[in-house]
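Fit the two chains together into the complex; they arrive one by one in their own frames, and the hints show the way.
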Amino acid sequence: MSSYTRMGELEIEKHTQFIMSVEKKKDFDSMVMEHLRMSGAYWGLTTLDLMGKLDAVNREEVVSWVLQCQHDCGGFSGNVGHDPHILYTLSAIQILALLDKLDTIDADKISAYIVGLQQEDGSFAGDEWGEIDTRFSYCAVCCLSILHRLDKIDVGKAISYVASCKNFDGGFGCTPGGESHAGQIFCCVSAFAISGALTHVDRDLLGWWLCERQVKSGGLNGRPEKLADVCYSWWVLSSLTIIERVHWIDKEKLKTFILDCQDKEHGGISDRPDDAVDVFHTFFGIAGLSLLEYPGLKPIDPAYALPVHVVDRLFFGQPH
Amino acid sequence: MHGRPRKSSSDGGSQEKDMAKAAGLQSLQTQFFKNHHEKIYTKEALQLNAKLLEINPDIYTAWNYRKLAIKQLLESESESASIKQSLDEELRVVERALKRNLTSYGAWHHRKWVINMGYSSLDHEFQLLDQLLKADSRNFNAWNYRRFVADMKKSRDEDELKFTTKKINENFSNYSAWHNRSAILSHMLKNKYGGISAKEQEMTEEYELVRQALFTDTEDQSGWFYHLWLLGQKIAPIGPKLEMSWPCNGSQLVIDFNEQSHAYVSDFDTPFGTDHCMFSEGIPLVLHFSEPVKGVNASTVSVNSLLLQSESLVWRPISPHGLQAKTWVTLLKLPSTNFRAGETYTVQIRVADTLGIILLNGYNFACPTALNFSLDIHTMTIRSTGGNFETVPLAWEGENFSPLAIDENKFPIELHLGNLSIDGSENQENTRWQQETLDREIKVCRELLEIEMDSKWAKLTLARLLIGQDMLSDGSILRSKRKHTDEVLQLFNDLIEIDPSHAEYYKDQFSLILLDKVSSGKQNLQEYFWDSKGTGSLSNGERNKWLRLHGLSLSRLGCLDQLLWVQRLDISHNRLRSIDGLEALQLLGCLNLSHNLLANFTALGPLRQIKTLRALNIADNKIGAHTVNSTRFSFPSALNNSSISNADTTRDADEEILEISWEITIAFKGLHLRQLDIAGNPANDEKCRRLLMKTLPSLKWLDGTSVN
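Protein chains in written order, with our numbering: chain A, 2 to 321; chain B, 443 to 1150.
Just chain B, same shape as in the assembly (with noise of 0.2 Å):
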């Protein structure tokens, strides 16, 4: 019941009527569904049944009553105009009944159904929306209706446009005709138009249709919903482009090869100066896209060097959705003969020089880039790095850590692939106009808040607009050029002000804004550099790099391509809900997330993407103090069908409660933690312990208590 006020019960007159219409309805009923079980189709059966449509035209088995009746008059009737006849008839009870409910779905259907039978007019049609329409403007069946009419009649796709300008200049607050209007452009944009210039025109006129709207109110959600899209319709300043690699464009890593154990240390360039690492399987060798695709494989990506065969190599997707990711991995394995120790050899790689590289929404991956690197190749005694754990658990903080400083002299490289795709892509003439639209855009913005101070709408989109300019401008290659980093801050934080309700969205925003801030250039990183004498845990006395990104309020990870050489991070006294996306940090051993607040074990599911994670604090989070867990659906298990296989949920017949079980193999299963800091949880009860140590049997240390 909608929109209909609460009676009162002493109402007793009107509670008759009620009773007396509700009986009327009852008996009209009880002979339908009699002359329906029965397959009673005479005329007069179909009047009555008429009747009960009129008044409840939400009974769908009386509409589909009326459909057997069509199909036995079909199987006995040949004459075109007889059954034109019923038809017609037909039609004119859907139009009473929507005059009852223009929401009635079944009502809506027997017309489609009707119509499709070919035997009907289309002219009627139109008219009759035009009416309806008029009556509620905003009734989606209807929108629906008309779709499928201009459909049958194939109307051209400039008429329906029109049809919208016309609906949005009556009131330009009628969401359905802009959305509507989205969808037709779509539609011709996609087949229509070849050459760009007859696209710009196009646009140029849907930017002046829309101002018109936002000018006429600026808080109408309409208008802005459909600026928003054409933004991203056109302005999206880069296609999905690869983002970044590890290791990166023109690095040198020197490598310490052991033939007998084939293990492997490396040194390596970072914004820390050299950091090194070791691997025991092999160099990892990591690919960040912008978006998800799949499709990464020997044939699409080929690696030339003389020490490896491409074809042998096998690619990874780091996702736990399957054959779709952001970041894909392979290791190179070093073969123990074929190299000369001392020489330095070159790895060439060139992606997506061929099709079969595959974006979320279909179409191919058109950005082909080539980068290389060199491994200088060393035989001898591995050095013992990175320690096992054997003797204290690794400490988070104090006074082992210490600011790094930097030596300015010693940052060779720029962290940036830099514009490598092959064929120089951009668009000149594309670029130039998206500027000029950006640049319009972001003055309307202002004027609009010339005259509105405070309008949430123009804010959020000039915050938006500065973003777009600031990463068309420089191509999100040279981030430590950006602009209007400073101003997007402010306003968000007056957004927060605002528009309170909205709060933690503008918060989101504002942390992936800062993040990409501190992760743009040497510069602004370099105050979030420590380092900590190693406490004889982690290593054999010496000084272990951190990346501590901590206390700055993050509530949301973003930018994380530009980290992808971190071993150790800290991300902990930030307010993260999430750690989306922080499977890309292919590296990372030790991870530091407490005081944060994160609520269930299955928040934490990208972690398991990270096969190198050795230690990990999750302290003083909010795991298990919620009753509703909204990262449910995020990762694979039964819930979602998808849960690799049995084996691999932790089940065993004395394990009284399974919730916490599968959410526990969610985020650890298959890794090899040896410490892990969970204090400070709710669920961190001994039943969760119990259930931690049996996934988790490579654990070492769990809250500071050595594990047996």
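Next comes chain A alone, as it looks inside the complex (with noise of 0.2 Å):
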């Protein structure tokens, strides 16, 4: 019962007061991020979201900084200066999508980047410069299906690839052989998701896998013999949702550990309890709370990491 005594509410005033601060604060560790500024606010946003405290941001700010992001190719960067990649542009995306601001945007544009870092093999590069990474296939398939444009990529191929970085274990990795990787395994299993080819995963094994992550303490790692850490509540468990083997963890004790992890003091949620606090895992958390079934949380859509009330606006609401 001792975990129960630890457990405490989910301090939602205090998450919110921690991500509205994360903005201003110019310490070392916050220069060291600015490059990633992009996915910081998708995060911070969607967390806001889900907690029901967007109201707290000024969109229309929001929005306007998104803007002065994007390049003349059509991708966006990860701050304003720095060079465009896949990664912040799906961070823009979401950021659009979550405001329901898609409108602002010239989607065709956007989509003819993402069209031309597809590569021979079906692969994605993360941009000009030709890094390939599974997780840039997943950036691809997301981007293109909110924007409702994946038919201008050859969707088998960009499949075909994913499912050859297929491993041993049922996992994924960054490139074939590469190894399974909880983080990797989000990315190929919601690519599939997301284009209808679930048929790929072998879904008892990789099950079994993921669900193997579960620690002592509750908490998830991202591979075997690893320490548990809160940002894997996200990836293994939206993983096991999306390929219906959620059950086979112990959620309560997950539950538990992520509570755990928060700073009860001055808000935010960090990797492993009483570590330092940061927006990544305080998304990461809340996420996962979310898809913990927590009481007052909106509930979020596992494969395109969005909570499902945009997700559905976008796929089965009324055209505008």
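Keep in mind the hints are simulated off the structure, nothing from the lab. Don't be surprised by glycine CBs; every beta carbon is placed ideally from N, CA and C. The reader is advised that the hints may include incorrect statements.
Which chain A residues stay away from chain B? Per the calculated CB distances, all over 10 Å, these [unchecked claim]:
| hint | residue |
| --- | --- |
| 1 | Q18 |
| 2 | M21 |
| 3 | K25 |
| 4 | E294 |
Some chain B residues near chain A, calculated using beta-carbon distances under 7 Å [said to hold, decoys possible]:
| hint | residue |
| --- | --- |
| 5 | K463 |
| 6 | I501 |
| 7 | V696 |
| 8 | W1104 |
Structure below.
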């Protein structure tokens, strides 16, 4: 019962304050993260929405900043003045979808940028410099699907490339032969989910590997024999949800672990109890709690990594 | 931020230091971006950039800048020594960055990019990797890079395998090394070995290596995952095969055929004894494969009979996922001329006689199979069967039901395809080796369990091995001969105790084994046969035969290939979250799924593939009780860009909530349900009922009330 006595409530007000304060920080850690501010904004804003606190944000200001990060090629950069990259293009699109502002951008232009990154073998480069990774396949597929333009790429080839990264344990790596990693598995499984290709996943084999990520503390790790970390609450849990095997883990223990990682004084969630908090882990902790149906949180879509109400508006809502 | 302790805000001194560091980084960054935007690539500018990257290797734009500088250099410089010198400096910058942050994707990619230029020597790379992997033996970027360099150097697989042996021997828990080993070995097995004996040699050595790891630490996952893979590699007892058909091999169907209405009533043998069914569009021919396949068509499946022309048959995959399915169906339509009443016609089927049936992994399905059945045809006025639900709704339980006594002698067919593969494909030598391996590994697990009674991995692996041995010794055919079922069930029960966090996994496995047991032959199945007196709804006073697998705590369905003949199924009062695979039952007319854990309409997706379904009970499930829907992506919809067409979705302007509407569409659109029972689900409100009636225009009874 000791875990129950430690477990507290989710500190929604404190986390809201924390996310709003991240913006203004000018310490060394914030400087080091400046290049991925677009993703930081996506994590923060999505967390706020899951907690029902998106009204704390000035939407017009956010949109105008996002648009400042768009380049002539159509892609977005992680911050103003940085180079465009598919990672931040996805974050930008997710932010605009979240704020229902996709009409402020030229979807065809962005699609053209993404289409241009697909390689002969179906894989995707992150930018013009040619780094290949299944993370980028996910970014491409997710982004184009949100823009209703998945048919612009060779989906068959994109899927076979991701499938070629499947490993002996049923998981997936960055490139063929790369080791399975829960974050990478999320990308690959979600890419399949979004393109209707989940038959490529060996659900029982992968599900068993994923549920074995839960360690004694209740937390999840990303690979065997590694420490638990709140961010895997999202990556493992979303993958397990998509392949219908989420009941194979102990949800209550995981809930306790995430809640134990809160900074109850200043808000924010860290990788492990009593470590330094950041917006990245705050998002993954709360997104994880959302998948665990924590009361008061809005549900999140496991593949698009956006609130369900946003995704349903995109795909089932009335046309504008 | 990973693994950094939470600081207290009162620590003023360190805060000041931090701000100074931040200011330093800020100023470097500002100067760098100025250079980048103005395209200044002087020596000083590059040095400043290097300094920035040493502090913050993750700032990707700074790596891009260095590549731009190199590109500019290549345009102006033609002397290769000088180019090499510049590129060597790049490698040094990367090295320093990696020492700061070994997981910097940007740094690793920059190194690959420079090496790919072809100017640099590869000799240093393995040395560097040795150092880095010593610092972090699990760094997957470093392992990825090692594979990249090995590829560039054209290293032999054997040498790379040796490297993993070295790393594994240093630390048995090095999962990265085990992983790499599996990748190399797969590559070797694919490319190198023609002869099975060499392969066996290789594999035996692998088992020895992994055994050392398992005995060193029985709870270390690394070795066990590798062990599981090894077993799957060579022990998978049977390759993909045709598991079952309906009508089943050797059976006889007595057909009453009405020429005017083109309707058929067929009497056929089932484990119940004779049952009958009315087919209005043709007699279904169902093939059930052990794995999803594509390419089942008139050229890959030949159907020979005086009655039919094989070429005209259209095969339909029973799957929501398009062209890949375990179950395939075609309808045999009798020609109105061309046959003589009172005559018996044989139908001979040869599956995969020619290439073209393709497995998911792209390989050909390589187990040609032949089967036959006969049709005994009569013409007459069709008896009415099955009723039409006009007067009262079907009763799902109660006093109408009674256990069905089976006359032992009237059980003419064993329900299996037998060994019908045309070339008798099993390689004797291979099977013997598999048998030996299984025996040996079972012994290993039992030994481990003597040392550590409660080792969950040893128990789980033992259970998996015993299942494998049962399947191998009877080739999955004579299920009744399985020896280990009870021991396996006990092992899973133990595991639920030992490892409660994964209880639901073990329960799922338990369910599969239990269903395997239940469906293995008539003796076991008989317990679950019931008949119900028609209450005027389903039949005209005649008795209907039910298979009732209710109240068995089943959390998962399996072995459905054994049940292709079932028309009325009761799997209520279980713990089912999913009904995946149920679509194989292509004769199913009545289905009771009440009192399970189904959480969404989308979880009912497989039903849409069962066109014969007329009465469905999903009362007292959890539909609408959860905010998270784990079957959201399991069936075609706009979400996964695979809805068949827009017209497919029930969508009209006055529908305020579309969410539930698409879910109902996924489950029910196109079905001809006459009766639906849905009470006891949180989703069951007025709006939901309205949508259901709209999606199911043929509905006659909703929760026992007549629908107008």
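Now the hints, each set against the structure:
{"no.": "1", "hint": "Q18", "in the structure": "holds (14 Å)"}
{"no.": "2", "hint": "M21", "in the structure": "holds (17 Å)"}
{"no.": "3", "hint": "K25", "in the structure": "holds (13 Å)"}
{"no.": "4", "hint": "E294", "in the structure": "violated (5 Å)"}
{"no.": "5", "hint": "K463", "in the structure": "holds (5 Å)"}
{"no.": "6", "hint": "I501", "in the structure": "holds (5 Å)"}
{"no.": "7", "hint": "V696", "in the structure": "violated (39 Å)"}
{"no.": "8", "hint": "W1104", "in the structure": "holds (5 Å)"}
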